[in-house]
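Protein chains: 2
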Amino acid sequence: MKMKRRDFLSKTAMAGAATLLSSPALFSGSFRPKDKLGIALVGLGYYSTDLLAPALQLTEKAYLAGIVTGTPSKAETWKKKYNIPEKNIYNYQNFDQIANNPDIDVVYVVLPPSMHREYVVRAAKAGKHVFCEKPMAPSVADCEAMIKACNDNKVKLAIGYRCQHDPNIQAYMNVAKQQKFGKVKMVTSAAGYFDGRTNHWKQSKALGGGVMGDMGVYALQGARLATGEEPISVFAQASTTRPEIYKEVEETMMFMLEFPSGARASCQTSFGINMNYLQVNYEKGWLKMEPQSGYNGNKGSMSDGTIINFAIKNQQAKQMDEDCAALMAGTALIAPGEEGLRDIRVVEAIYKSVKTGKVVKI
Amino acid sequence: MKMKRRDFLSKTAMAGAATLLSSPALFSGSFRPKDKLGIALVGLGYYSTDLLAPALQLTEKAYLAGIVTGTPSKAETWKKKYNIPEKNIYNYQNFDQIANNPDIDVVYVVLPPSMHREYVVRAAKAGKHVFCEKPMAPSVADCEAMIKACNDNKVKLAIGYRCQHDPNIQAYMNVAKQQKFGKVKMVTSAAGYFDGRTNHWKQSKALGGGVMGDMGVYALQGARLATGEEPISVFAQASTTRPEIYKEVEETMMFMLEFPSGARASCQTSFGINMNYLQVNYEKGWLKMEPQSGYNGNKGSMSDGTIINFAIKNQQAKQMDEDCAALMAGTALIAPGEEGLRDIRVVEAIYKSVKTGKVVKI
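Quick note, the sequences are listed as chains A and B, same order. Okay, so the first sequence: first residue is 333 according to our numbering, each after it adds one. Okay, so the second sequence: first residue is 333 according to our numbering, each after it adds one.
Hints may contain errors.
Given that identical chains are not distinguished, each listed pair holds provided it fits within a single copy or across any two copies.
As a list, the in silico SDA-like pairs of lysine to any residue whose alpha-carbon atoms are at most 20 Å apart [as the list claims (entries may be wrong)]:
1) 616 / 574
2) 616 / 573
3) 537 / 425
4) 650 / 636
5) 616 / 525
6) 616 / 527
7) 616 / 529
8) 366 / 665
9) 515 / 606
10) 690 / 565
11) 515 / 571
12) 645 / 628
13) 512 / 390
14) 690 / 570
15) 650 / 673
16) 368 / 530
17) 393 / 513
18) 411 / 424
19) 579 / 377
20) 393 / 573
To be clear, the hints were calculated from the coordinates, so they are not data collected in a lab.
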């Protein structure tokens, strides 16, 4: 076969790039680098159905290659809708055979939180890179086990922190990094919505529900990302105004954080209240975001007149494209497992504070 | 002396109105009703000098009739500047003789908080109505003693809650009253400023300092007035980033409130942070104020597009005019001693929470 010079150079460059890669999974059987990584979504609930699958129609570095579901009717629907080959459709029993499927480069775990650990570990053992939805897991021990499994199997782990890929969120993160208005003094961070569902995993303790891991992680990230610091203590109060629905887990969580610099944060999250905003007061100015963690339209303003209002096509598409680009280039992920663990460490302390009624050191 | 019919009717009407009045102090020696009440300011610090005295040049129902000060040079300056008769100038020793001065209808106590009780009680015993600056006093016991002294002496007690006279604040109070957006679910209320002073009563425990009683009462009122309810529990954390200045009292206080309806509030106040805002999330909408407790320019917006932005000439003038009008008409005061007590009851619980590290029931 005759090879043109351009093709030769291209293949040589790719071979060079390939040495940077941590996993053979990024290559097709012929070891030719892919231009898009194949993603298999595990768990076909609302987030996969309404957000991730549509986003994967817009991605440039990723495509919907496979699905893992326990519901045959969903498999059938998705197969037709997204033209997914039968061989790329798994259930929870035969999931581990995904190891032998070169179409699947990344397994994206979109299951209820209590199942994250099992499926991240199984995906890692199958030699696949893993994306995992937030909250990373119900406990620090789970998160550590997930990180270890990925390290042991030489695959990467990214948490589905779409917001950290959003330039509007990055804008306020940068204000802290650059000390644009001096030190951060006080943060108020709220994230909640009225959830009318009555029998969802978000209301089940066994499945990892409760508002804290779900919307609460956005309220927490507002404070962590706005300060650029990790909290050293927390006090939290859990409450419920619909005890008939929130029998096992909290509907609302309020918590106060203390940071090493002396900055303080007051955070609120709820499945009973529509709210989504961030207010940061610095030594010499302020910043506001509202919404602060929406799927789109995050925007804000600062005391010097700066407006934060970057348009992005699709947040989840940007997240998956950037994570896949990092996997292909062997560069750092924006939100690796360690970042998910940082949140869960605080979440665990928050529940401990609720239980003890006292401030908990982190 | 010949009396015109108009004069006769006028005097008859006034005599009728007089029966509504609770104290003879509202009349001059000749028992002719005054058109303006004479106010004596006790304590000539910043607030009297820069806010109340100028406001008393604009009032229609009150005028600056006298002063009480321990500093002879201040007495001299004020006497000249405001044309105050020598006989209406008192010091802290001869203050009680104010009882015999028909020019003074109201004693306005503008001293450090730890001195409020003594001077309110002495003013009440002198038969004068009393205005008292916020915080009403350092303890519930003090407040109760002040209320009792005024009741016993048949004089009225108003707390200098200028904000409750501000139509911008009344606008958000009405939203809760009318349940415009349904129940209140979550309130965030912040009030603070960077105080560069190093040796002020605000930094002295003995004088009733600490941010909680000062700016903290605005943060607390934001939550109380936005819900229209009294809190039933509180958790609070005190902190200080300038321990060399805030040796005796807190620079910053954060507290979480629980209300009978299930509404929750998160409040922050500080002498180290410029911040002044209120955010209320209701069942079916939201309201924001910023600033929420300024001397002027308080303004806000609501989720239905309503703008809150009433122009007022002078907040303190409006407060004193309305309080004096109520005294003259014998009608209810907007913020009587009982309203000051409501705040101090929470403030006391806040300090108890700081001391115990636990949630305190109120």
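- Task: Enumerate the violated hints, using their earlier numbering and listing them in ascending order.
- Result: Result: hints 3, 4, 13, 15, 16, 17, 19 and 20 break, sorted rising.
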